[in-house]
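Engineer: Chain residues, written in single-letter form:
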Amino acid sequence: MARTLDALRDTRREWMINRSRLIASVSAITIVLGVLVYRYYSLQIVQHDDFMTQSDRNRIRVEVIPPTRGQIVDRKGRLLAANKPTFVIGVVRERSEDPAALVDTLTERLSLTDGELKAFQERSERRRPFETVPIKLGLDDAALATVAVDLHQLPGVVVDAQLTRDYPFGEALSHVLGYVGRVSAEDLLELDAERYRGTLHTGKVGLEKRYEPLLHGKPGYQHVETNAHGRVLRVLEKEAPVPGKNLRLYLDLDLQREAVTALGDQRGAVVALDPLTGGVLAMVSNPSYDANLFVEGISYSDYAELRGSLDTPLLNRAVQGQYPPGSTVKPLISLGALARGFITPDTEVPDPGWYRLPGDDRRYRDWTLRIRGTGHAERVDLRMAIAESCDTYYYDLAHRMGIDVMAEVLRPFGLGHRTGIDTTGEQDGILPDTDWKRTALGEPWYPGETISAGIGQGYMLATPLQLAQAAMVLANKGESFVPSVVHRVDDLTVGGVQRPRIPMDEAAWQAVVEGMVDVVHSPRGTAAGIARGVGYQIAGKTGTSQVVSIAQDAIYDEDAISERNRNHGLFVAFAPVENPRIVVAVIAENGGGSGAASPVARRIMDAWLSEASDA
Amino acid sequence: MPEYTRFLEGSDRDLARAQTPAERLHLDLVLLTPILAIMTTGLFVLFSASDGDWDTVNRQIRNFVVGFAVLLLVAQVRIDTLKRWAPTLYLGALLLLLLVSFFGVGAKGAQRWLSLGFIRFQPSEIMKIAMPLMVAAWVVRHALPPRPSTTVTALLIIVLPAAAIATQPDLGTAILVGASGAFVVFMAGVSWWQIFSGALAAMVCIWPAWLFLLRDYQKQRILTLFDPEADRLGAGWNIIQSKTAIGSGGWSGKGYLQGTQSHLDFLPESQTDFIIAVLAEEWGLRGVLLLLLLYGLVVARGLWISFTAQTSYGRLLASAITLTFGVYVVVNMGMVAGILPVVGVPLPFVSFGGTSIVTLLLSFGILSAISTEKRVLSR
Numbered sequence: 001m002a003r004t005l006d007a008l009r010d011t012r013r014e015w016m017i018n019r020s021r022l023i024a025s026v027s028a029i030t031i032v033l034g035v036l037v038y039r040y041y042s043l044q045i046v047q048h049d050d051f052m053t054q055s056d057r058n059r060i061r062v063e064v065i066p067p068t069r070g071q072i073v074d075r076k077g078r079l080l081a082a083n084k085p086t087f088v089i090g091v092v093r094e095r096s097e098d099p100a101a102l103v104d105t106l107t108e109r110l111s112l113t114d115g116e117l118k119a120f121q122e123r124s125e126r127r128r129p130f131e132t133v134p135i136k137l138g139l140d141d142a143a144l145a146t147v148a149v150d151l152h153q154l155p156g157v158v159v160d161a162q163l164t165r166d167y168p169f170g171e172a173l174s175h176v177l178g179y180v181g182r183v184s185a186e187d188l189l190e191l192d193a194e195r196y197r198g199t200l201h202t203g204k205v206g207l208e209k210r211y212e213p214l215l216h217g218k219p220g221y222q223h224v225e226t227n228a229h230g231r232v233l234r235v236l237e238k239e240a241p242v243p244g245k246n247l248r249l250y251l252d253l254d255l256q257r258e259a260v261t262a263l264g265d266q267r268g269a270v271v272a273l274d275p276l277t278g279g280v281l282a283m284v285s286n287p288s289y290d291a292n293l294f295v296e297g298i299s300y301s302d303y304a305e306l307r308g309s310l311d312t313p314l315l316n317r318a319v320q321g322q323y324p325p326g327s328t329v330k331p332l333i334s335l336g337a338l339a340r341g342f343i344t345p346d347t348e349v350p351d352p353g354w355y356r357l358p359g360d361d362r363r364y365r366d367w368t369l370r371i372r373g374t375g376h377a378e379r380v381d382l383r384m385a386i387a388e389s390c391d392t393y394y395y396d397l398a399h400r401m402g403i404d405v406m407a408e409v410l411r412p413f414g415l416g417h418r419t420g421i422d423t424t425g426e427q428d429g430i431l432p433d434t435d436w437k438r439t440a441l442g443e444p445w446y447p448g449e450t451i452s453a454g455i456g457q458g459y460m461l462a463t464p465l466q467l468a469q470a471a472m473v474l475a476n477k478g479e480s481f482v483p484s485v486v487h488r489v490d491d492l493t494v495g496g497v498q499r500p501r502i503p504m505d506e507a508a509w510q511a512v513v514e515g516m517v518d519v520v521h522s523p524r525g526t527a528a529g530i531a532r533g534v535g536y537q538i539a540g541k542t543g544t545s546q547v548v549s550i551a552q553d554a555i556y557d558e559d560a561i562s563e564r565n566r567n568h569g570l571f572v573a574f575a576p577v578e579n580p581r582i583v584v585a586v587i588a589e590n591g592g593g594s595g596a597a598s599p600v601a602r603r604i605m606d607a608w609l610s611e612a613s614d615a
Numbered sequence: 001m002p003e004y005t006r007f008l009e010g011s012d013r014d015l016a017r018a019q020t021p022a023e024r025l026h027l028d029l030v031l032l033t034p035i036l037a038i039m040t041t042g043l044f045v046l047f048s049a050s051d052g053d054w055d056t057v058n059r060q061i062r063n064f065v066v067g068f069a070v071l072l073l074v075a076q077v078r079i080d081t082l083k084r085w086a087p088t089l090y091l092g093a094l095l096l097l098l099l100v101s102f103f104g105v106g107a108k109g110a111q112r113w114l115s116l117g118f119i120r121f122q123p124s125e126i127m128k129i130a131m132p133l134m135v136a137a138w139v140v141r142h143a144l145p146p147r148p149s150t151t152v153t154a155l156l157i158i159v160l161p162a163a164a165i166a167t168q169p170d171l172g173t174a175i176l177v178g179a180s181g182a183f184v185v186f187m188a189g190v191s192w193w194q195i196f197s198g199a200l201a202a203m204v205c206i207w208p209a210w211l212f213l214l215r216d217y218q219k220q221r222i223l224t225l226f227d228p229e230a231d232r233l234g235a236g237w238n239i240i241q242s243k244t245a246i247g248s249g250g251w252s253g254k255g256y257l258q259g260t261q262s263h264l265d266f267l268p269e270s271q272t273d274f275i276i277a278v279l280a281e282e283w284g285l286r287g288v289l290l291l292l293l294l295y296g297l298v299v300a301r302g303l304w305i306s307f308t309a310q311t312s313y314g315r316l317l318a319s320a321i322t323l324t325f326g327v328y329v330v331v332n333m334g335m336v337a338g339i340l341p342v343v344g345v346p347l348p349f350v351s352f353g354g355t356s357i358v359t360l361l362l363s364f365g366i367l368s369a370i371s372t373e374k375r376v377l378s379r
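Heads up: the protein sequence lines correspond to chains X and W, in order. Residue 290 in our numbering sits at position 290 of the first sequence; the count goes up by one each step and never skips. Residue 48 in our numbering sits at position 48 of the second sequence; the count goes up by one each step and never skips.
Keeping only pairs whose Cα atoms sit at most 25 Å apart, straight-line, the calculated DMTMM-like set for lysine to aspartate or glutamate is:
1) W:K83 <-> X:D10
2) W:K219 <-> X:E97
3) X:K477 <-> X:E578
4) X:K76 <-> X:E212
5) W:K219 <-> X:E94
6) W:K219 <-> X:D98
7) X:K204 <-> X:E194
8) X:K84 <-> X:D166
9) X:K209 <-> X:D187
It should be emphasised that the hints constitute simulated quantities derived from the structure, not laboratory data.
Please work from the sequences and hints to get the whole structure.
Structural biologist: Dropping the structure here:
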């Protein structure tokens, strides 16, 4: 049938159709070809420069080489804060076929915690393409060998070696050094993000925080050619990082450990200063914590335990703890009174065991009342008043000086204002006067409060460091230095900054120091107990401060309350008297009396002075 | 057969001239020369794209050899024979396509392959050949231009296998198969208003196709076309990298074997679908235009063959094969340059891969046969 139809076909018409359709096709092809050529022209000629840049940016990557953090060493060069090589396991999403499954695998293999996973997610959101995002940090050699030995064979997993902070002496130095922690989003608000690219840790507390800009260093850069998988093929250009500066401390590791041992389980603080420089030889706050816990992020339960503890281990008592200084202010008041002519070294005051303000019935009791009820003596002079810590003498003196004059003479010793030591969190303490009370409490000053202030009680608060600083002024007879933990930053000396000198007659210093020597070396001295077998002369002053209150709403068991209501024992001292080499301030929280503090100071002075004579 | 051709001017010259060896083998050298030039160019580009892997180049040469053997074989077949066997071939291919839907072997999430144990092949490739043969055979049953009923049945013949291929899913091949059939209908002289109303109907069909037919990854590809920056590391990566490769080539290119995009692995599929980007990066716009010129020569010759073919069937077939070849080139170069969706169409004779080369050369064997048959007839 087809054949018969063929015969009927109009061949010429079909040929004409084909010709017209071919012409239409050629037109269409020309148009499409034109579009195609225009597209390639537009990409390759018009936008060539953009794409060339894009292509270079593709293959050339700027890598940051984080600087090595400066180390911290003690006065003899022993490493206190070191950089330890650890391993980081990271993930490059682009290199994995199934990143979600990979993360699951790693979670199981490395037993990642929820916190680690959350941190990983947060970091993932800030990442750049082909950037390695850390998922497990701080694995040491052994841990890497056991859990992660073949992980690097999984596509998308990167095992990187890097340096992390290590505090080899843990608790003993945590309060002095502070610690570093992971750079957090809040940290980046104050840090220069460009300088911290590639850096995982930053100082959070203490020296690590205070000296962060110096310890950090400056990152280096390298331009590398990479392929699409982020693998570095060659380094095109390199700028080496500048490592952070090293800190050399005044602190002596042996003395620090001696202080820790001497304090034992006793809650409290010890500050030992070098009177010739203001350098911190030892600074202990007990209880302490292990700074290493914070480096890679402390677990929630560990942190909750530290935060919630009644013993406040996170508080650096040496600079943050504020205590009524008690009788340790008596030598300072005496000096002020001598300078202002309120007393001479020979001024005598009768001590019946109590003191009464003129026109007032209330009796202010001398501390001896608890022991013998007769007071110190018929007549008490300055030397005896200091040696036996005669309250009545100072009640009388305080009353005569008045609170404002008393504050005025105490201020140059550094009370009421932070010392400016190079660590974080230091507190001001309180040096009360009428102005202060009106401002702080909105109340007028009552005469009775002056009497309490005369023996360092009432509103007056000081940190152990402030007490040590004041003792340094005594030791140097007016000279003193801003307390400093760091001696040198690399080769630059930063410690030994002088404080304003307190000008005073030699006789005045002499009189007060004589009294302080008697505190230890006279049989009736309040710290006579530590004089046994001592091979040098100590000038000291004891103190006992009443615990004002414990928070009413907190629930503590009864033993704890009674224990925590006991008086704090304080002791400040310097030695040897003629040529002071060490100043010590000790506070024994709820130690009952200064008897809990003075032996600690003796041990520290022994250790330091025997060492010094050995050297 | 039209008898008057004998008396056309020039016919006697054909008769008088002695046959060259090429003519005796039914080979159209004017068609094959630019193809060989494209292949040679392609081998150079492939050598660079495979990072100097001789093994890949050798396998591609083998593909060419096999393809030419097929071409030589097919060129000897009479067009009438092809026309007679077209329905059988078409129905067989359709059956296999349906089999693939049930017994196919998957690769990359798509069921395209049929395994016979010793050999795996894609029935959709057979359909590429069978489609123009069948549609042309169908429309020339009656005088041209086709009647509306013939057009409608022809469209059914086209849509059925195209839809089957699209659901495998293999959008690229479906487009090529559909286009090869549609070109036959177009060349047969369907009136323009029918074409426009058909196009309108097709557009209306796109909405349900978008909803039900296209897989997520295909939708993604089309969406990516409009905004590749939206997903830089995911679906947009290929397009961004290929555009970067092309654009950074400039007029004269980065130099042979010097392309950073391809040699540093930024460019995906650089040996197969995206190989034009390697050429554009290393040889620049110069190279692209040269390649386009060669493709243009092939298409021009193909259309000339259609123009001079003796029968309507030969004319339809020749133009359909040629235009489909053009679609190959345009879709591939368009998608790599980011003006068409990424649908998985190789660049003819340049992209690595045996299947498409053999199928293409087979169709050019048919073209060669059409080109040389007029002389056989003339004797």
